[in-house]
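**Q** These are the residues of each chain, in order.
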Amino acid sequence: MTNIQSSAVAAETEGPLLPPEPSTPKAKAKPAWRSLNFGPRLWVSAGLIVIIALLAFVGPLFYPFAPDEKVGSLYDGPSAEHILGTENFGYDVLAVLMASTRNSLINGLLAGTLAVVIGVFIGILAGYIGGWLEELLMGMTNIVLAIPSIVILILISISLQSTDIPFLKGIVGLALVIGITSWPWTARAVRAQASSVATREHIDVAKLSGARTGGILIFDVLPYLASYVVMAWVLQLASAILAESTLSMLGLGPSGTNSLGMQLHWALAFQAVATGAWWAFLPPTIVLTLISFALLYLQSSLDEVFNPRLRRGKKKHLAQAAARRAEAAKQLAEQNQRAEVTA
Amino acid sequence: MGLRRYLANKTVWYLGALLVAVVLNFLLPRVIPGNPVDVIVSRMGQGGQSSEAQARVYEQFMREFGLDQPLWSQFVTYVTSAFQGNLGASFSFYPTPVAELIAQSLPYTLVLQLPAIILGWIIGNVLGAVAAYKGGSWDKSVFTTSLLFSSMPYYCLSIILLYTLAVVLGWFPPGGAYSLGMSPEWSWEFFSDALQFWWLPFISLLVINIGGQAVGMRSMAIYELGSDYVNYSRSLGIGDRKMTTYIFNNAMLPQITGLALSIGTMVGGALITELVFSYPGMGSLLFNAIASNDYPVVQAVTLIITVAVLVANYAVEILYGFIDPRIRASKSGEK
Chain A
1 MTNIQSSAVA AETEGPLLPP EPSTPKAKAK PAWRSLNFGP RLWVSAGLIV
51 IIALLAFVGP LFYPFAPDEK VGSLYDGPSA EHILGTENFG YDVLAVLMAS
101 TRNSLINGLL AGTLAVVIGV FIGILAGYIG GWLEELLMGM TNIVLAIPSI
151 VILILISISL QSTDIPFLKG IVGLALVIGI TSWPWTARAV RAQASSVATR
201 EHIDVAKLSG ARTGGILIFD VLPYLASYVV MAWVLQLASA ILAESTLSML
251 GLGPSGTNSL GMQLHWALAF QAVATGAWWA FLPPTIVLTL ISFALLYLQS
301 SLDEVFNPRL RRGKKKHLAQ AAARRAEAAK QLAEQNQRAE VTA
Chain B
1001 MGLRRYLANK TVWYLGALLV AVVLNFLLPR VIPGNPVDVI VSRMGQGGQS
1051 SEAQARVYEQ FMREFGLDQP LWSQFVTYVT SAFQGNLGAS FSFYPTPVAE
1101 LIAQSLPYTL VLQLPAIILG WIIGNVLGAV AAYKGGSWDK SVFTTSLLFS
1151 SMPYYCLSII LLYTLAVVLG WFPPGGAYSL GMSPEWSWEF FSDALQFWWL
1201 PFISLLVINI GGQAVGMRSM AIYELGSDYV NYSRSLGIGD RKMTTYIFNN
1251 AMLPQITGLA LSIGTMVGGA LITELVFSYP GMGSLLFNAI ASNDYPVVQA
1301 VTLIITVAVL VANYAVEILY GFIDPRIRAS KSGEK
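Listed in order, the protein sequences are those of chains A and B.
Under the working numbering, residues 1 to 343 are what the first sequence spells out, in order.
Under the working numbering, residues 1001 to 1335 are what the second sequence spells out, in order.
Please keep in mind that the hints were generated in silico from the structure rather than gathered at the bench.
A quick note: this is a predicted structure, and the numbers were derived from the prediction, not measured.
All C-beta atoms in this analysis are idealised placements derived from N, C-alpha and C, irrespective of residue type, glycine included.
Hints may contain errors.
These stretches of chain A come out as covered by chain B in the derived footprint (C-beta under 8 Å, 3 or more residues) [as the list claims (entries may be wrong)]:
id	stretch
1	147-153
2	212-222
3	293-302
Let's have the full structure, built from the sequences with the hints guiding it.
**A** Have a look at this one:
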């Protein structure tokens, strides 16, 4: 709709449309994503995330013990049957770990997505529409931003602890709370980008062609913000998972559910560290560290993919590029010479 | 926009934020179904006390905390007494004033966090700048380690250090702030004893801070290294030593902001580390207050965390108004 209209107008002003992609690509042509220059960092972090996701979602299918099945007593050491021993309630640590990781990931996905959706919505409206709406929305954002989110999280979670609504007590309620407190950064970043996109010419074209504001926002502004949104989402995921574990360790976690934070909470409460029961607290610590590291590493490598100024070119590539440019300049010079000669 | 208008604008915004924070701080625990007193009394009831005693306790609490008055008048009472430094009385240590509990805990948090933040900032910045400047394998190793430490949840490192250095190797005492039998006092004996307990939580916070600062400084310095003025100065033949000072000066401004902001998050930034080491600071205070539904203490801790962050942010913005000429020149403040 909008795209077709606006590109049609563009065609009138700028001459014929470019021909569509050739139907048979050249034999050696790379697919488009290959040109994005993904570094090894991206593969390392993506690999880590896949491994953790497999542990969380596929692992329980093959593991013989359930996380709520009492198989031993307080802190039985690792054995052939229970690879990571048992925790304070006598449950199998590995089974609990897999359930916890799954819940923490789900919590992160829910909360992170919610935060990004709210942040993008507010940021794009404020940045594109401007005027008093921008003043209002950004004033709101700045105020929420100034108040440390952990404080709001603590206060709301305390209130949630004594609600009677079961769905708000579990991981979903926590994810909602984290999501609705962590959008301001995203809103602010998106607003800055959106207000710069709003001044570009293709927006005028879309407006002239009669596109509605909603359509312009979705088809003409949002695609330009996609890289920021993806990076913000990765960051929000990581911070939501960490926020959950912080809250859980403070004793405000989802009651009666497993999560990495709750697992650490119980381990600390039952003195696992002091008694040397490493199998009870090291696995969730390591998984939490790996999740957080992998997501932030992914974000930083995506940043380098999207933002070439951060990328330090390899010397080899720089030399190649210089050679190409020199070659092109030589050809251009020859052409000009020939043109001069014929003239 | 002149400097005066900039300052006035920022002041209004931060006062607004403070107001919202105080309202939330006041309101959120009160929108719980049933008020805190109900919760407390029902807990006491489980303890098997007679109902008449319960009723008297209830009356007492209601009057003490003004819970029988309308919400707005409760709010006025809350704000006026908070301004006078009166944060109410603790539920679980009734009638100990909350301010007294805070005064016992805050020093522990400060002696842990302040040196860790400042020292971590210095070391981290130097490491990050060197990594950006040298590049190559030096950069790769510093960047990856720093990223690991800065992205690691700070309490995960605390747990690992506590287990390896204190429990397994026994180099440090495994938690607490001073030996059993000691009591906090201004004596040399107490300080040398407390110092042994201080090292491990301090190191764990320091390492995390170094990592975070190094990552930030590295990307700032790389950004500066690729900028036009650097290329131009290089082409003029300006020496490396001179260039580094230019780059360093330019990359420093955001880092100084970062320092001020992290000093603001000092109180609320290491809550869980204190829990892990059973260090009796604000984190442990908050944890115990949550566990015993001690709302006045929870509210006081969250209020202090908020005020510290707001004051630090405000200070940075005001300082920027004086330092950075672009702010005075620009038509509208930062959005």
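**Q** With reference to the structure, classify each hint as holding or not holding.
**A** A quick look at each hint next to the structure:
For the stretch 147-153 of chain A, the stated coverage by chain B is satisfied: 5 residues place a CB nearer than 8 Å to a CB of that chain, which reaches the threshold of 3. Proximity of the stretch 212-222 of chain A to chain B, defined as three or more residues with a beta carbon under 8 Å from a beta carbon of that chain, is not established by the 0 residues found. With 5 residues having a beta carbon nearer than 8 Å to a beta carbon of chain B, the stretch 293-302 of chain A meets the requirement of three or more and the stated coverage holds.
Violated hint for the displayed structure: number 2, the only one.
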